Amino acid sequence: MTWLLVAILGYLFFALASLGDKIVLKKAPKPKLYAFYVGVLSLLAVVFIPFIGFRLPSSGTWVWIFLDGVVYIWGLYVFFRALDKYEVSRVMPMVGAFQPIFIFILTWLFWPINQLSLSLADFSGFFLLFLGGMAISLEKNYQLTKDSFLLSSFASLLFSLDFIFLKFVLLEMPFLSGFVIVRVASAFFALFFLFDKQVRKDVFGSKKQKQEVGPIFILAQAAGGLATILQSLAIALVPVAFLAIVNALKGVQYVFLFVLTVLFSYHLPAFLKETLSRKVLMQKLVAILIIGLGLAVLVLYGSNPGN
Numbered sequence: 265m266t267w268l269l270v271a272i273l274g275y276l277f278f279a280l281a282s283l284g285d286k287i288v289l290k291k292a293p294k295p296k297l298y299a300f301y302v303g304v305l306s307l308l309a310v311v312f313i314p315f316i317g318f319r320l321p322s323s324g325t326w327v328w329i330f331l332d333g334v335v336y337i338w339g340l341y342v343f344f345r346a347l348d349k350y351e352v353s354r355v356m357p358m359v360g361a362f363q364p365i366f367i368f369i370l371t372w373l374f375w376p377i378n379q380l381s382l383s384l385a386d387f388s389g390f391f392l393l394f395l396g397g398m399a400i401s402l403e404k405n406y407q408l409t410k411d412s413f414l415l416s417s418f419a420s421l422l423f424s425l426d427f428i429f430l431k432f433v434l435l436e437m438p439f440l441s442g443f444v445i446v447r448v449a450s451a452f453f454a455l456f457f458l459f460d461k462q463v464r465k466d467v468f469g470s471k472k473q474k475q476e477v478g479p480i481f482i483l484a485q486a487a488g489g490l491a492t493i494l495q496s497l498a499i500a501l502v503p504v505a506f507l508a509i510v511n512a513l514k515g516v517q518y519v520f521l522f523v524l525t526v527l528f529s530y531h532l533p534a535f536l537k538e539t540l541s542r543k544v545l546m547q548k549l550v551a552i553l554i555i556g557l558g559l560a561v562l563v564l565y566g567s568n569p570g571n
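In case it helps, our numbering puts the sequence shown at residues 265 to 571.
Derived from the structure by calculation, the hints contain no laboratory data.
Since the structure is predicted, the reported quantities are computational estimates derived from the model, not experimental observations.
Note that CB positions come from ideal geometry on N, CA and C, so glycine has one too.
Be aware that a few hints might be false.
Below, in silico cross-link-like pairs of lysine to any residue (SDA-like), each with a Cα-Cα straight-line distance of 25 Å or less [said to hold, decoys possible]:
hint	residue 1	residue 2
1	Lys349	Phe413
2	Lys294	Leu382
3	Lys349	Pro295
4	Lys548	Phe413
5	Lys410	Tyr350
6	Lys294	Leu414
7	Lys294	Asp411
Label pairs and their in silico Cβ distance ranges [what the hints assert, rightly or not]:
hint	residue 1	residue 2	range
8	Leu414	Ile313	32 to 42 Å
9	Ile377	Tyr565	15 to 25 Å
10	Lys543	Tyr565	28 to 38 Å
11	Val327	Leu483	28 to 38 Å
12	Ile369	Lys410	18 to 28 Å
13	Ala385	Val523	19 to 29 Å
14	Leu458	Glu436	28 to 38 Å
15	Val310	Asp460	22 to 32 Å
Produce the entire structure from the sequences given, and follow the hints as far as they go.
Take a look at the structure:
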């Protein structure tokens with residue numbers, strides 16, 4: 265199952281990126297500034313152009329490219345705004361929980377029903393991955409308010425639309441050509457944040473201001489960029505019915521992040537230190553078992569698309 269291995273490897277790099285974010289974003293981020301930097305770094309995708317025989321998309325595909333660039337950058341802004349207003353422990357579970365559901369619904373809205381059939385094993389694997397991802401991402405003393413719910417779920421919807429629109433592009437174009445043009449579009453729309461006076465001041469300001477985006481942030485975004493490539497490849501490899509499953513595999517990212525956090529807390533506490541109670545540890549281990557069971561169902565009994 266090539267798509268499954270690619271997706272899991274992608275979520276490993278997403279975990280590394282999240283670890284970097286946890287180290288860098290100890291204080292609240294500036295939503296527009298961070299969305300600008302993440303978006304502009306998407307421009308690095310142009311390094312693939314000499315190797316791919318790049319071709320321009322058709323006029324109809326440009327619509328999906330435009331929409332994908334808009335929702336991706338808008339989603340980043342809303343996500344960082346949620347992190348700015350609320351604790352990470354409130355935002356991340358909501359964003360991660362709603363995405364598979366939104367994607368599942370959106371595929372039914374955008375594609376005919378004959379393209380959306382899943383076997384019982386596929387759906388069971390999806391449900392177990394979704395359940396395990398929820399269980400492992402929930403933090404102790406989790407609190408939910410109306411405002412945090414609305415902001416987090418809106419960010420999740422925008423990221424889900426990014427999945428859908430990217431799939432439309434990759435159905436019409438070779439993978440690398442489609443990926444590059446979508447990332448360039450994202451970088452273009454990120455430039456609109458420069459119309460904000462404070463963003464311009466932070467980007468072009470003093471050295472002290474620029475230190476907010478340091479080497480760890482750059483390394484984290486590099487890991488996130490590689491993760492995005494792998495996740496996009498997984499999206500390209502699977503039929504549309506499996507898009508929600510690819511996203512539900514995000515639970516694997518939380519497993520990797522949990523392991524990495526424990527290792528850093530034990531070996532490099534100066535960078536990251538988190539303590540786990542016995543209750544929280546048991547919660548994480550049970551969640552890992554559920555995610556592992558979901559993966560086993562997909563590997564052993566799933567319909568194995570994309571090969």
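Now for the hints, and whether the structure bears them out:
1. For the given pair, Lys349 sits about 12 Å from Phe413 by alpha-carbon distance, which is consistent with the 25 Å threshold.
2. Among the hinted pairs, Lys294 with Leu382 is inconsistent with the structure: their alpha-carbon atoms are about 41 Å apart, more than 25 Å.
3. Distance check on the hinted pair: Lys349 and Pro295 sit about 10 Å apart at the alpha-carbon level, within 25 Å; holds.
4. The straight-line distance between the Cα atoms of Lys548 and Phe413 is roughly 23 Å, inside the 25 Å bound, and the hint therefore holds.
5. For the hint pairing Lys410 with Tyr350, the CA-to-CA distance comes to about 12 Å; that is within 25 Å, so the pair holds.
6. As the CA atoms of Lys294 and Leu414 are separated by approximately 19 Å, the hinted pair is consistent with the 25 Å bound.
7. For a cut-off of 25 Å, the pair hint linking Lys294 to Asp411 stands: about 19 Å separates their Cα positions.
8. A C-beta distance of roughly 40 Å is found between Leu414 and Ile313, which places it inside the suggested range of 32 to 42 Å.
9. Distance hint check for Ile377 and Tyr565: the Cβ-Cβ separation is about 23 Å, which falls inside the suggested range of 15 to 25 Å.
10. Between Lys543 and Tyr565 the CB atoms are about 33 Å apart, so this pair conforms to the stated range of 28 to 38 Å.
11. Range check, Val327 to Leu483: Cβ separation about 35 Å, and the 28 to 38 Å hint holds.
12. Checked against the hint of 18 to 28 Å, the C-beta distance between Ile369 and Lys410 comes to roughly 22 Å, which is consistent with it.
13. At roughly 27 Å, the beta carbons of Ala385 and Val523 sit within the given window of 19 to 29 Å.
14. For Leu458 paired with Glu436, a C-beta distance near 31 Å keeps the hint of 28 to 38 Å intact.
15. Separated by about 25 Å at the C-beta atoms, Val310 and Asp460 satisfy the suggested range of 22 to 32 Å.
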